[in-house]
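Novice: Here are the chains, one letter per residue:
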Amino acid sequence: MEDNKTPEVYRKSSTHEKRALTRREFIMKLAIGGGSLVLLAGCGAKVTSVFDTGSGKQIYSFIAVDYSKCTGCRTCEAVCTAYNNPLFRDGRYKSDLGNPVHANIRVHSFNPDVDVPVTCARCDDIPCVNSCPVKPDPVTNRRALYQSGKYDLITNDTDRCIGCGNCVSACADSSVGILSQNPATNKPMRMCTLCGGDPKCLEHCPYEALSVLRVDTAYPYYRMSPEDIAEKLNKRWYNLNV
Amino acid sequence: MKDNFFGYHKVLLDINLTTKEIKTVPIPREDIENFLGGRGLGMKLIWDRLKKPGIGALSPENPLMFMPGPFSGFPIPSASRVVVVTKSPCTSPENKSLTSSSTVSYSNMGGFFGPEIRFAGYDGILISGKAKHPSYIVIEDNRVEIRDARAYWGMKTDEFDKAIVKQLNNERFQTCYIGPAGENLVSYACILHTTARAAGRGVGAVMGSKNLKAIAVKGTGMPHIADHKKFSIALKKVRDTSTGPVDGIKTDLFRKWGTAAFLQTLSDDGLMAVKNYREGTYSEIEKINAKTAREKAWVRDFACYCCPLACKKSGAVKDGPHKTIVHDGPEYETGTMFGANLMISDFNGMMKAIYDGDDLGMDIISAGNVIGFFMEAYEKGLVTKTDLDGLDLIWGNVDSVIKFISKIAYRDGIGDLAANGVKAVSQKIGQGSDAFAIHVKGLELAAHNIHANPPRALSYSVSNRGACHLCGDTISDQNFMAAVDSLGICFFATDFNKVLMPGVDKNLLGELLTAITGIDWDEDRFIKVGERVFNLEKMFNFREGFRREDDNLPDRFFAEPYTKGEEKGALLNKEDFNAMMDEFYVKRKWDPVTTKPTNKKLSELGLGFTI
Ligand code: SF4
Ligand code: SF4
Ligand code: SF4
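Those protein sequence lines, which keep their order, are chains A and B. Residue numbers are given in numbering that gives the first Met the number 0: position 135 of the first sequence equals residue 134, and the series is strictly consecutive. Residue numbers are given in numbering that gives the first Met the number 0: position 74 of the second sequence equals residue 73, and the series is strictly consecutive.
Extracted from the complex, chain B is given alone in its bound form (with noise of 0.2 Å):
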């Protein structure tokens, strides 16, 4: 029978927050097949819900969605991503005839949010319009309601995370929800999960612009699968390799130090992101990296849902002013932004800072990547200490930086201008600031930097959602990515990197994948998905307006050379750059002067519908 596939609840869970309105809608067996879930089914989604460009990220219109995917619930190893899909508050195109004209956002989320939607029996929630005072939604199995959260808003993530389990009085409810930063717009405002895991890159900010303080679900359901016999046999396959061997160099890794291992070696290799990404080493990486983290804080590894890996690291800030502090971190991205990027070698308080940012909700890639262009407009004299209210920004000053989170959150002073993102900074402080202003299309780069790695240069420039360092930096890896993303498992668990981290490659994927469905897939139809997302994303962003200009970096990376590390001298050449983006666009079959997709290729991947 046609219409018989299994691994899905076939529902997608519509919660319009004006109207009160709560439903399910059916999902098209097409729309599965061609963008299975997650980021693309997501993807899929906003296409379809918003018809035109220039609709605020910010409006009721926007749909917010939480979307787990076909690996989700089962108990397969590292199955437990979630990704929140919606317009982006947080980029914007040069060309501004449209005024509220932004990408697409996506952010990729562990822990048990995603598989306890699907045990709650959805392959997805999609939130629309805007409550009329704070609300959450709270959702066992088929009983949906929305509640007043008036006594929550304001409240801060981890002493909110304790709040409403005593509220529910039942731990079983999987919440995710914003703090302050959310609440009060900041364009880059995340949506946390037990505390600590969080999608970023802006999506809390449409969270809050929906009044929305959180979700809890909880489900006793579970999706049927095609072939039992097949599936334990893939299980068993992925279950024996996503780790790589036992006692290998992935487990080791992950097990021992987590992605905080990299804060050593990109540093050693001039890769990191240091003195808002004027260098590439960090001459005091020693003073925050994991073995010191190890040494000072951590007391504790875990793991997200069925996870075989744990790469979070929990910890204790043991002495000083800051004594008390429990919580996890740094991983490597957060030990860059809050600690080598603004030049902070003092680890209690870069704790602190990193505590503060999820306690208050931001996206601590940008939160850094901003405090650090504040530093260097200090430094040069672009701004003045009153300008800061007081604040002595000087590299390193971790008190101040403390202070500059809170401000930003609450858009206190400065932190108000400071919320919108560095784009919005640069152009309202002017005097060439842009040139050191490190996003692209507004959404600030991640803690890798790419003087010496052009590969990553591209990554960053033609990522869907701006400066992404999750994009991938090759055509195939992007394709890659966007069908992993579009599962429901976290790409730890693959052979993202055949060399050093061996795990499950995409033949068994779509192996494991046609066991649950009952569709056939195979390693071609499965890349497919990733090609075809990542074209339906560029589609969306042509239409509302982004074009080759906004695929462009700051000048920073073609003009000032490392002064130091490994790298010493490294610079990007900007017509190197412009030949391998020509490259790029001629291999995607995309029209290397406006960036859009040929039509053939759309016509080839199923896009025709966006022509």
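Next comes chain A alone, as it looks inside the complex (with noise of 0.2 Å):
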């Protein structure tokens, strides 16, 4: 059995030190000895984006998952589809009832047991947004998909996309494959938001399985898809070769 510790790269994830302290203190926390943890800043901090200052070339943050620790338990898918894509709300109260099926993080099960989160990696090359068939705008230069927002993260233009379906296929051929197509529209849907910077997957995934990580390209599961995942997994945890 080859050795079932936690990587290095973990060092800080989503705590249940947070129940003792507010969740500014937590985020604060976790910033200071934070090491190659990037925080976006909640509690209405003030937010800047990622960069890698030393080549000025941009580096983004995505949801990284330790694999050793998740229990797939879906938490995270429950949590993240009631703040994305609540079916129900009800005015100013997040409204909790989202279905899973719908969450930007996907938990994928296999038999023998190993349960693979994955989300979006935020690929340098975003494979996803050049595959996009649509002419980017004059002004904009968007197309449509795109990035966007403080944390540039994968947007659809609902209007101007027009359902083909290339992204998808780009995301699964040269990247993890979170995307879909949304059935009722065919328009990309698990684009995954950061939650405006405060992701609820991570804070209250219950084992401490998920941080917010500088994409480093070094990780261990780098944009693997599920499946390579779980072979990965299954070799390791139960020496096979499935």
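Possibly wrong hints are sitting among the right ones.
[To be verified] BS3-like, lysine-lysine: derived pairs with alpha carbons at most 27 Å apart:
1. B:K155 - B:K295
2. B:K51 - B:K19
3. A:K68 - B:K228
4. B:K9 - B:K527
5. B:K527 - B:K563
6. B:K51 - B:K129
7. B:K595 - A:K93
8. A:K68 - B:K9
9. B:K255 - B:K317
10. A:K234 - B:K595
11. B:K290 - B:K563
12. B:K322 - B:K295
13. B:K217 - B:K255
14. A:K231 - B:K295
15. B:K235 - A:K68
16. B:K255 - A:K186
17. B:K563 - B:K51
18. A:K231 - B:K255
19. B:K527 - A:K186
20. A:K234 - B:K165
Worth flagging that the hints you see were computed from the coordinates, not collected in a lab.
If you follow the hints, you should be able to join the two separate chains into one complex; please do so.
Specialist: Encoded structure:
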């Protein structure tokens, strides 16, 4: 059996210390001891985009999963969908009512018991965006799939999107394969929003399995498909080649 | 508006496999207010469907129900449960006036199936009738189809679990299914989900009798709730309390060891089923306890839907003849029934037995109990090696046990008798063997021994599905458990053991239920549901002919004291037991002679319709 230890890259992650701390203190605490962690501000604190100052090249943040801690409980799916895609809303109260199938994080379950949550890897070469056949808008230079906002999130302009599914195939072919076509509109869904800087999945994962990390291609399962990740985990945990 | 309540779809999916009629049936508000969901609502439905006693559990009329509860589908910690409710194929009363009398059966299973039923738009699924040939049901929101399962009939559960994902080409389906044991109507067959989560206690045989291999469900919806603000507040409280303090004893115990933690402690305390319940302490428990499991097999902790406790463990057998088996376990029940109760200390062999039991689809509690009985009968010379098809079924012989398990599932040779449960086996063997046939009403006792535990003895005796370790040892616990089982939440999330296992209390459960439904619930009203459910179950059993003589325990517990361990010499006292039972009936407002609930009690609980 290979070692089943937590890789160094997960040094800090969501933690139950939050129970004793306010959310703000929690984020501060993580930020102070952050190391490779890039934290997105919550609680109204000022948010700055994340740059690799050395090269000037833009590097994004993404939700990374520590598969040795994940239990497959799908709390992340439930809270992601409640925040980002609730089925019913009631005034200013977030409804907590979403169906996990609409979540931007997706837990793939396998037999033998392996659960593989995946979410957008924030690829630096944005294959999804580059595959979009819609002609860039002359003013904004945006296709129907583009990056926007302070986190340069993958965003779909549903008015201009033709529902061709190219982005979905591109994501599957050269990255995680998180995107899928909305069954009703054919337009892409499951683009992680980082929840406006306060990731719900990370906050509620009961097992501290999730982190916000600066993209690092050396990350052990980076941009791998859930099936490939499951294969690796099967080997590592059960010494199986499935 | 009076009919304005929330948290439910207010419909049941009703599938008749004989006529292939598929319809949705409205659930009246009254039933929801009185029975909530899960075990409670299932009980009300079976009462309504089976209008007279003596209808065979394996007959097409017997409804097989999959009942989530009002918490199911919401991101509430540990709200993962579904209760399978049906008439039991395991139990029978002493009174033989009706040939097919039996109790109700309800079996509670975690995972993802219960929430998914609610996502698909139903508060429950009821299956009746019998398909002409092996079939399975696929439910995708409001599209419901009965499909041909002939190609899958005979398939073991692990293989089927993989095959069905391929067949449906979508891993978001949640499925539950039976194995060969259910197909062959082994009375204690179970229904499995994700290959290791099981609804046991006989419900698999009912599914098999309907020629139903599997149900797959997937949905995109969600029920509305009444008050979002109240819900968010109550949900936060539940999230903060359901685990107890993180890194406290409760989370630590479940996450690190699961229920297997109790293998060591209950053996130490003399409360474990050992050597067919002859002893309460197993001298070789260290070889199969949680620590050993962690060292030898476990690599991963896993959890049911939205559950922060992760009591399940999966692992691989790493050496010896059973190498490459990947499975979950042992848990307390499986580790005791296929370990200590059979004097098996070979950890890898036990893992293989547990894997096979699940793979073939049988209730490991009952199977371990039946095999323990055979081992004792063999030791006593009541059955011979020839009777056992040549198996040398001595204590601890794990290889014979593994072969025996397979014989049961396929009803091969002696397995054909063993498949009928320990009560039937001892009746066949006779020679006074009923003294050590460890069942109540025909359902085998679980892994908790009772020589030194009179409250648990009471609980086994009066439990409405036959011997049950989850019934509750006191009247208030029983009512609490019946109410919790009607919500769709796992009792591990509650404060069922206030001292060691703090958690969500009944008050907060009521608060959450109020926010979801818009109907006012407080703890009294909530607990009243539990009492109502328990009494309706009792009335169902009473109508089937169960009386005081059926609330009885095998002689072993009154006659043969433990010979070793912390509780050496412990024994139940018949007079004390009878006095305790008398007191129970009186407190319940049941007639101590017949066990019938008084009309006054029934009316007070709104069960006047049973009188
Ligand atoms: S909430 Fe955490 S433990 Fe649960 S499935 Fe998601 S990542 Fe895994
Ligand atoms: S290709 Fe997929 S994973 Fe990569 S940025 Fe696009 S959506 Fe995210
Ligand atoms: S950060 Fe937010 S949008 Fe992204 S996966 Fe987590 S919960 Fe979903």
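Novice: When the hints from earlier in the document are held up against this structure, which numbers fail?
Specialist: 3, 5, 7, 8, 10, 13, 16, 17, 19
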